[in-house]
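These protein sequences, in sequence, are chains A and B.
Number 360 in this note's numbering belongs to position 360 of the first sequence; there are no gaps in the numbering.
Number 125 in this note's numbering belongs to position 125 of the second sequence; there are no gaps in the numbering.
Covered stretches of chain A, going by a simulated chain B footprint (3 or more residues, C-beta under 8 Å):
#1 76-82
#2 262-273
#3 342-351
#4 382-392
Please keep in mind that the hints were generated in silico from the structure rather than gathered at the bench.
The beta-carbon is built from N, C-alpha and C at its ideal position, and this holds for glycine as well.
Protein chains: 2
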Amino acid sequence: MAASGRTAPTPIMEPNPLDPSPDNIADIFELIEKHRLLEVVARNQETPRSALLEQLQHRQNLVELRKRLRTRHPADIAHLLELLPVADRLVVWRELPVPLAAQSLVQVSDGIRAALVSDTPRAALVDMLRELDADDLRYLSPWVPSDVIDAVVASLEATDRKWVEDEEGNRADTVGRLMTRELVSVKDGNTVAECLLTLRQCASLPEHLDRIFVVDARNVLVGAIELGPLVIAAPEEAVSSVMQRHPRAFVPSDDAHDVAQAFERYDLLSAPVVDERGKLIGRVTADVVVDFIRASADQDVLALAGLRKAENLFGPVLDSARNRWPWLAVNLATAFVASRVIGAFEAEIEQLVALAALMPIVASIGGNTGNQTVALVIRGLALDQLRAGNRWHLLRKELTVSLLNGALWGAVVGLFATLVYHSAALGAVMSGAVFMNLVVAACVGVLVPLGLHALDRDPAQGASVILTFATDSMGFFLFLALASAFLM
Amino acid sequence: MAASGRTAPTPIMEPNPLDPSPDNIADIFELIEKHRLLEVVARNQETPRSALLEQLQHRQNLVELRKRLRTRHPADIAHLLELLPVADRLVVWRELPVPLAAQSLVQVSDGIRAALVSDTPRAALVDMLRELDADDLRYLSPWVPSDVIDAVVASLEATDRKWVEDEEGNRADTVGRLMTRELVSVKDGNTVAECLLTLRQCASLPEHLDRIFVVDARNVLVGAIELGPLVIAAPEEAVSSVMQRHPRAFVPSDDAHDVAQAFERYDLLSAPVVDERGKLIGRVTADVVVDFIRASADQDVLALAGLRKAENLFGPVLDSARNRWPWLAVNLATAFVASRVIGAFEAEIEQLVALAALMPIVASIGGNTGNQTVALVIRGLALDQLRAGNRWHLLRKELTVSLLNGALWGAVVGLFATLVYHSAALGAVMSGAVFMNLVVAACVGVLVPLGLHALDRDPAQGASVILTFATDSMGFFLFLALASAFLM
Numbered sequence: 001m002a003a004s005g006r007t008a009p010t011p012i013m014e015p016n017p018l019d020p021s022p023d024n025i026a027d028i029f030e031l032i033e034k035h036r037l038l039e040v041v042a043r044n045q046e047t048p049r050s051a052l053l054e055q056l057q058h059r060q061n062l063v064e065l066r067k068r069l070r071t072r073h074p075a076d077i078a079h080l081l082e083l084l085p086v087a088d089r090l091v092v093w094r095e096l097p098v099p100l101a102a103q104s105l106v107q108v109s110d111g112i113r114a115a116l117v118s119d120t121p122r123a124a125l126v127d128m129l130r131e132l133d134a135d136d137l138r139y140l141s142p143w144v145p146s147d148v149i150d151a152v153v154a155s156l157e158a159t160d161r162k163w164v165e166d167e168e169g170n171r172a173d174t175v176g177r178l179m180t181r182e183l184v185s186v187k188d189g190n191t192v193a194e195c196l197l198t199l200r201q202c203a204s205l206p207e208h209l210d211r212i213f214v215v216d217a218r219n220v221l222v223g224a225i226e227l228g229p230l231v232i233a234a235p236e237e238a239v240s241s242v243m244q245r246h247p248r249a250f251v252p253s254d255d256a257h258d259v260a261q262a263f264e265r266y267d268l269l270s271a272p273v274v275d276e277r278g279k280l281i282g283r284v285t286a287d288v289v290v291d292f293i294r295a296s297a298d299q300d301v302l303a304l305a306g307l308r309k310a311e312n313l314f315g316p317v318l319d320s321a322r323n324r325w326p327w328l329a330v331n332l333a334t335a336f337v338a339s340r341v342i343g344a345f346e347a348e349i350e351q352l353v354a355l356a357a358l359m360p361i362v363a364s365i366g367g368n369t370g371n372q373t374v375a376l377v378i379r380g381l382a383l384d385q386l387r388a389g390n391r392w393h394l395l396r397k398e399l400t401v402s403l404l405n406g407a408l409w410g411a412v413v414g415l416f417a418t419l420v421y422h423s424a425a426l427g428a429v430m431s432g433a434v435f436m437n438l439v440v441a442a443c444v445g446v447l448v449p450l451g452l453h454a455l456d457r458d459p460a461q462g463a464s465v466i467l468t469f470a471t472d473s474m475g476f477f478l479f480l481a482l483a484s485a486f487l488m
Numbered sequence: 001m002a003a004s005g006r007t008a009p010t011p012i013m014e015p016n017p018l019d020p021s022p023d024n025i026a027d028i029f030e031l032i033e034k035h036r037l038l039e040v041v042a043r044n045q046e047t048p049r050s051a052l053l054e055q056l057q058h059r060q061n062l063v064e065l066r067k068r069l070r071t072r073h074p075a076d077i078a079h080l081l082e083l084l085p086v087a088d089r090l091v092v093w094r095e096l097p098v099p100l101a102a103q104s105l106v107q108v109s110d111g112i113r114a115a116l117v118s119d120t121p122r123a124a125l126v127d128m129l130r131e132l133d134a135d136d137l138r139y140l141s142p143w144v145p146s147d148v149i150d151a152v153v154a155s156l157e158a159t160d161r162k163w164v165e166d167e168e169g170n171r172a173d174t175v176g177r178l179m180t181r182e183l184v185s186v187k188d189g190n191t192v193a194e195c196l197l198t199l200r201q202c203a204s205l206p207e208h209l210d211r212i213f214v215v216d217a218r219n220v221l222v223g224a225i226e227l228g229p230l231v232i233a234a235p236e237e238a239v240s241s242v243m244q245r246h247p248r249a250f251v252p253s254d255d256a257h258d259v260a261q262a263f264e265r266y267d268l269l270s271a272p273v274v275d276e277r278g279k280l281i282g283r284v285t286a287d288v289v290v291d292f293i294r295a296s297a298d299q300d301v302l303a304l305a306g307l308r309k310a311e312n313l314f315g316p317v318l319d320s321a322r323n324r325w326p327w328l329a330v331n332l333a334t335a336f337v338a339s340r341v342i343g344a345f346e347a348e349i350e351q352l353v354a355l356a357a358l359m360p361i362v363a364s365i366g367g368n369t370g371n372q373t374v375a376l377v378i379r380g381l382a383l384d385q386l387r388a389g390n391r392w393h394l395l396r397k398e399l400t401v402s403l404l405n406g407a408l409w410g411a412v413v414g415l416f417a418t419l420v421y422h423s424a425a426l427g428a429v430m431s432g433a434v435f436m437n438l439v440v441a442a443c444v445g446v447l448v449p450l451g452l453h454a455l456d457r458d459p460a461q462g463a464s465v466i467l468t469f470a471t472d473s474m475g476f477f478l479f480l481a482l483a484s485a486f487l488m
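The following block holds chain A by itself, in its conformation from the complex (with noise of 0.2 Å):
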């Protein structure tokens, strides 16, 4: 029976259709471009003869896409849809077989479900819904048009269709949105054969199964024990006596950032969820844990970088653009005080204009230390690493770094001014200008996001914008200011 696995020399290189390898969308990338190439071709076809072969030539593609695709993995034909342009994509879509594309529709990113789902007919994608189970249909949820959802969920039984409407459970960065209730438990009064047992009677195991939970008669959950323990142990023993006690278990109001680190803490598989009685009502696992925590830390990247959510890459133009705008206003509000600030000294520019050339590096300069110094509260921050107790190490600590820096990059600055311009005087302006900014920069980039912290909002939102505007108005003031004093 084993004999495929005998005679192969490498079975792991062997060709699997489900083998889900990084690379096999490779062939069906390269169908969608010849599709995209015969389109452009029929559409500039001018006799009706060869316009018939490129049609016929067009099926044949097209029913190779279709082959190709009913093999993939639905984590795969997530993958292809977010890397095709609009029109591609929906040739994709189109051709997909119900089931599969409604488990696509589970595993795609954000941005791209809104807009299949918004591409999809009404019929279509009820059809589409009625393939996926509760969980899923509670987790797509919030995409789909209320009245799809309600035409779904009225075929199924009265507890998944209030699971799949508890709106109050499933709200965003909540344990609620990443539990299942696919879970195995056993009562604390049962042996070890009592438990395997249980296990066998069920119907079908959930996936992802690596531990089972142990309630009491009232289903408070009191302890859970690993597969692999509960096989090796004796079956006429207590699973009380072989359980681990009192797991660390959430309830569904909990902050899902919280599950995430305490899954990368105390390295868990899957953690018990709870109602506020202590009462066994789902379970959160590890692979669910694994996208929550890289979709937070794509979060944060495009936050520190001013743009409210996640865009999709090949997404329509107008969208990307609005995406952008909130912050660049910000950004341009910011961007006119300082310009006001430079304006209040034209005068000392117009008598030295020198002035002009060099304020942008002490602007810069600043800009670019307390940024840095943004980046590490901000993780200091996500690894819940900074609490009252020790804040104000910090900031003193950043401030010592930016009088050593200030010291040693000020000195250069100063030195290029000396040399370029031949004013010792202005050297001396420019060393003391970077000094003081890099000591703003470093205050700023400190509590910045520590403020946005303590405001109960993300720390990366916005914080460089409002750091740059610190950095570049206080260097551009710094600057003028001291060449004023010194200089005129």
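Go by the hints and put chain B onto chain A.
Same frame as chain A, but now just chain B:
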């Protein structure tokens, strides 16, 4: 036997010394604060009598600290070590029992680990490392002086010694660094009952065992089966008929990022590792992948800000200052160049000093939009969404967005300049410069991360500094050159 669970109304709320709750280090934190205070008091003590009293209190405090530390999870100790300033960290480090110190050293972040190793006497370090298994020793080996490792591995068996000393297989960011040798494998001729027997005969089960692997007579991997399905399969069935064939396997030299992506995409809890001939040699588990994903994401945030490596938030000032120098130096060099661009137009600025006040706006808005593009491209690369086939689409889209935003925000900026300086010509020059600089920002924002990636560099490292150089210099140049052409 299960009485404890039944009598407690909400067992998960019970105080549990080993409960890994995020806040169970708050009390320790307080004790250390007190310790620090007592030390200050002791130093300023004058009368011998009160000094004695203080000493007593001081010693009591340390005893209490030691008692509390002993009961905590190594991950919590590691977290505590990360958020303490250097002096306090060493107090905790010295009070830890040797086995707990050893486990914490494995868990702690890289920067702190290096500091702790250099602060620990050689003999104490050897004692500590003797507490660890070969996997942990291998993981720590890059941070520990080689003579210490030699002293510790001398007492190991030959295969363990080879495993720990395997520098080639233990390179950073490879599967070899993430893998463990601990696994359970069965022969493909076995029945399900024989597999369960193999499990029961293990001296100790590996941690995080979600599935076992099936190999042929030559130890070549042919399949895998999760423990759940194994338990519910009929005992007399052949394992080869219930196993999953050809699971996705990795070799030790594979890039760790590829593994992370596979775990994320295909929802894995573990993956087999094989050698070049397909022979099973180890596995990677989801908990290690979670740590890797988190660390890489942090790395991106820091690299974008121009920091070479993760910095110890409370580490020595000189180390921190140095960590910021390389990109600071690059930033300074590019700022000098931008300054010379302005210097070339000093005659024009002398003639119309408003140019000096307005030019930073052009540079600033270019930098802001360019950084938004950089963040999107870096994220697209991290998610493997950018391939040869669609990069052209991306550039075209970003250009279209920049044309749209350039027209819109260029008009806003032009209006501002017209109103403030009562000159429509100046406003028109401003608009034109902003429009063109946004196009520059879009091109550079797409091409720089793609270029760094093509050169096999981290696309985040320095992308922002290079981008700002382009948008600053070109912003100044475009604005001043247009002004020189149309306003003079």
